[in-house]
Amino acid sequence: MTQQTTEPAKAEPPTSALDLAEEFLDRTTPLSRIRNTLHRYPAVSPAIVLVVAVIVFGLLNDRFLNPANLSLITQQVAVVGTLAVAQTLIILTAGIDLSVGAVMVLSSMVMAQTSVQLGLPGWLALLLGLVVGLAAGAFNGFLVTRLKLPPFIVTLGTLSIFVALTLLYSGGATVRGAEMPELLTAMGATFNVGGVNFTVGVLMMLLLYVVVALILAKTAWGRHVYAVGDDPEAARLAGISVNRVLMSVYLAAGAILALGAWIQIGRTNAASPNAGAELNLDSITAVVIGGTSLFGGRGTVWGTLLGALIVGVFRNGLSLAGLDVLWQTFAVGVLIIVAVSVDQWIRKVRK
Amino acid sequence: MTTATDAAGQAPAVGPAETRTPILRARRLVKTFGRVVGLDGVSLELYPGEVLAIIGDNGAGKSTLIKCLTGAEIPDEGEIFLDEKPIHFKRPQDARAAGIETVYQNLAVSPALDVAANLFLGREERKKGILGSVFRMVDQKGMREKARNELRALGISTLQDVTVPVENLSGGQRQAVAVARAAAFGSKVVVLDEPTAALGVRESNQVLELIRNLRDRGIPVILISHNMPHVFDVADRIHIQRLGKRAATITPESHSMTDAVAIMTGALRE
Chain D
25 MTQQTTEPAK AEPPTSALDL AEEFLDRTTP LSRIRNTLHR YPAVSPAIVL VVAVIVFGLL
85 NDRFLNPANL SLITQQVAVV GTLAVAQTLI ILTAGIDLSV GAVMVLSSMV MAQTSVQLGL
145 PGWLALLLGL VVGLAAGAFN GFLVTRLKLP PFIVTLGTLS IFVALTLLYS GGATVRGAEM
205 PELLTAMGAT FNVGGVNFTV GVLMMLLLYV VVALILAKTA WGRHVYAVGD DPEAARLAGI
265 SVNRVLMSVY LAAGAILALG AWIQIGRTNA ASPNAGAELN LDSITAVVIG GTSLFGGRGT
325 VWGTLLGALI VGVFRNGLSL AGLDVLWQTF AVGVLIIVAV SVDQWIRKVR K
Chain L
59 MTTATDAAGQ APAVGPAETR TPILRARRLV KTFGRVVGLD GVSLELYPGE VLAIIGDNGA
119 GKSTLIKCLT GAEIPDEGEI FLDEKPIHFK RPQDARAAGI ETVYQNLAVS PALDVAANLF
179 LGREERKKGI LGSVFRMVDQ KGMREKARNE LRALGISTLQ DVTVPVENLS GGQRQAVAVA
239 RAAAFGSKVV VLDEPTAALG VRESNQVLEL IRNLRDRGIP VILISHNMPH VFDVADRIHI
299 QRLGKRAATI TPESHSMTDA VAIMTGALRE
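Chains as they are written, first to last, in the numbering used here: chain D, 25 to 375; chain L, 59 to 328.
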């Protein structure tokens with residue numbers, strides 16, 4: 025309604041005073057204009073939050089904007105940022121995946137164990153880790169599309185299953201990076217850009233964001249993901265196979281989680297069956313703070329990257345400010361609630 | 059100039075229509091649900107370039123008739139011809155592939171996608187060259203251009219910006235998007251199920267205008283509606299269902315609204 029299109033000269037005038045009033049209100053309330061903008065570009069609000077947070081923490085502590093500290097933040101964000109891409113895809117379809125961290129850990133243990141115990145070459149171990157990620161995604165996708173179970177319930181169940189499988193398979197033992205083939209720990213290697221050290225894992229995560237963002241924005245599949253999350257019935261009537269789209273999303277998520285496993289091994293220089301328990305929920309946090317709607321059909325992976333960075337910046341900044349670690353957790357909780365409240369408000373653009 | 063129910067299922071004679079070939083023809087359709095008879099030998103003819111309204115009381119068989127024509131239900135008996143060729147739809151996609159597009163009452167649009175993306179939803183066009191074939195990129199610019207042309211051709215002047223998400227549109231504009239999607243892509247028949255039921259006066263008028271535009275472009279329309287003034291405003295012929303049968307096919311010139319209601323309720327027999 026607020027488009028700047030020029031009406032044709034013979035445009036039919038609004039027929040009643042009510043219509044006039046409606047259009048008048050629609051155009052002139054500054055708040056509703058802000059809301060319309062946020063509605064159209066959901067990554068705007070997390071971008072503002074991130075910029076403000078960086079400025080505030082930079083003012084609070086000199087060390088915050090230190091290149092070494094910024095590098096540390098990106099490394100801390102790399103794994104959860106990768107998992108959050110998978111989570112974004114699933115949440116865009118109005119689903120949710122509580123098992124992303126568990127799948128990542130299972131995949132990383134398979135990579136580590138098959139290379140160390142079976143002596144497989146690095147590339148084959150990575151491939152097996154990918155197969156595990158895809159199989160886990162296929163299992164979740166099967167339960168969601170064929171048995172028509174809600175994704176929340178499916179992944180709550182598979183979370184326990186994958187955690188148990190990981191511990192059974194690994195015997196609870198951590199595998200050190202030094203024992204693994206070099207390829208498996210390659211994501212931990214660092215390189216220098218303008219005085220800031222980045223790891224290959226961070227670069228890989230950024231590359232993943234670019235690729236997935238392009239696919240979502242530029243391909244028919246990407247549009248179908250949004251359409252399915254938006255209104256599955258409308259998507260079906262438009263001739264889209266909803267189940268096929270859902271299945272492909274869970275498979276893609278599984279592949280991304282395997283990539284996350286690789287990055288995790290590089291980041292910690294180890295594969296531990298007890299790692300990543302908090303990542304199941306942290307990935308959801310990043311997606312939600314990034315402005316993606318839990319109701320599906322709305323959001324971008326760029327918002328998710330901002331969301332992951334916001335969490336990383338808050339945790340790091342608050343700890344540099346000398347606050348108890350519990351206050352970091354507290355702040356993240358507040359961020360989630362504020363983000364979802366803003367989402368609800370934005371969605372009220374038209375009843 | 060009116061026609062009575064023809065038990066034999068022959069085309070009723072309405073003005074010059076008798077000499078034309080119907081684009082869509084149903085012969086003696088029967089559909090039962092358990093012991094309930096939904097359709098009891100209903101015939102219907104849709105001619106090129108006309109708006110055929112289907113009216114009837116609740117339970118008269120309007121919806122069942124439409125579902126049989128659009129593949130959502132499979133009739134137990136009877137035949138359906140499209141362009142004089144017998145057709146057997148098993149699912150809605152079959153009817154769509156054959157050129158029968160349906161706009162559902164619940165507005166099958168994706169709110170968060172923009173107007174152009176909705177018009178092309180499920181049949182996106184890819185870019186030329188390897189960007190399209192290898193990288194599977196959609197031709198956003200081309201589809202937006204085509205969407206603009208399509209909307210202009212349909213006379214939808216209120217929708218000039220095809221990049222607006224559909225949820226930012228009014229009910230009438232959304233209906234226009236749904237109708238435009240049905241009318242685009244060379245469809246042969248457009249079926250509209252209660253398109254004005256949820257709309258205000260001004261928006262209803264826009265949709266009625268849109269229906270006339272469709273007809274003027276040569277696309278025949280089947281319109282299901284409860285709203286007598288709308289039906290009499292826009293329809294060329296009116297098919298009246300009563301108790302699972304075709305009670306009559308009338309025209310707005312030959313009968314008044316009161317007559318139509320009387321036929322619908324059985325007070326008047328043709």
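No lab work stands behind these hints, which were simulated from the structure alone.
Yeah, the Cβ is synthetic: ideal placement off N, Cα and C, and Gly gets one too.
Worth double-checking, as some hints may not be accurate.
Computed footprint of chain D on chain L, listed as stretches where at least three residues anywhere in the stretch have a Cβ under 8 Å from a Cβ of chain D [to be verified]:
#1 194-208
#2 277-286
In silico lysine to aspartate or glutamate, EDC-like type, Cα no more than 16 Å apart, as pairs [as the list claims (entries may be wrong)]:
#3 L:LYS246 x L:ASP141
#4 L:LYS185 x L:GLU203
#5 L:LYS303 x L:ASP134
#6 L:LYS148 x L:GLU131
#7 L:LYS204 x L:GLU225
#8 D:LYS242 x L:GLU328
#9 L:LYS246 x L:GLU203
#10 D:LYS242 x L:ASP197
#11 L:LYS186 x L:ASP197
#12 L:LYS303 x L:ASP274
#13 D:LYS242 x L:GLU225
#14 D:LYS372 x L:GLU131
Among chain D residues calculated to face chain L with C-beta under 8 Å, some are [unchecked claim]:
#15 LYS172
#16 PRO174
#17 ALA244
#18 ALA251
#19 ASP255
#20 ALA258
#21 GLY263
#22 ARG322
Tested hints:
1. 194-208: Our answer is that it holds, as 4 residues pass the Cβ test (under 8 Å) against chain D, meeting three.
2. 277-286: violated (count 0)
3. L:LYS246 x L:ASP141: holds (9 Å)
4. L:LYS185 x L:GLU203: holds (13 Å)
5. L:LYS303 x L:ASP134: Cα-Cα ~15 Å, so holds.
6. L:LYS148 x L:GLU131: Holds, because 8 Å separates the two Cα atoms, which is no more than 16 Å.
7. L:LYS204 x L:GLU225: Violated, at roughly 21 Å.
8. D:LYS242 x L:GLU328: Roughly 58 Å separates the two Cα atoms, so the pair is violated.
9. L:LYS246 x L:GLU203: Distance ~23 Å between LYS246 (chain L) and GLU203 (chain L) Cα, so the pair is violated.
10. D:LYS242 x L:ASP197: holds (8 Å)
11. L:LYS186 x L:ASP197: holds (8 Å)
12. L:LYS303 x L:ASP274: Between LYS303 (chain L) and ASP274 (chain L) the Cα gap is close to 30 Å, so the pair fails against 16 Å, i.e. violated.
13. D:LYS242 x L:GLU225: violated (21 Å)
14. D:LYS372 x L:GLU131: violated (37 Å)
15. LYS172: For LYS172 (chain D), the interface hint is violated, since the closest Cβ of chain L sits about 19 Å away, which is over 8 Å.
16. PRO174: This hint is violated: PRO174 (chain D) lies away from chain L, its Cβ roughly 21 Å from the closest one there, beyond 8 Å.
17. ALA244: holds (4 Å)
18. ALA251: holds (4 Å)
19. ASP255: Since chain L brings a Cβ to about 6 Å from ASP255 (chain D), closer than 8 Å, the hint holds.
20. ALA258: Result: holds, 4 Å to nearest chain L Cβ.
21. GLY263: GLY263 (chain D) check passes; min Cβ-Cβ to chain L is 4 Å, inside 8 Å.
22. ARG322: holds (5 Å)
When the structure is compared with the earlier hints, violations turn up for hints 2, 7, 8, 9, 12, 13, 14, 15, 16 and for no others.
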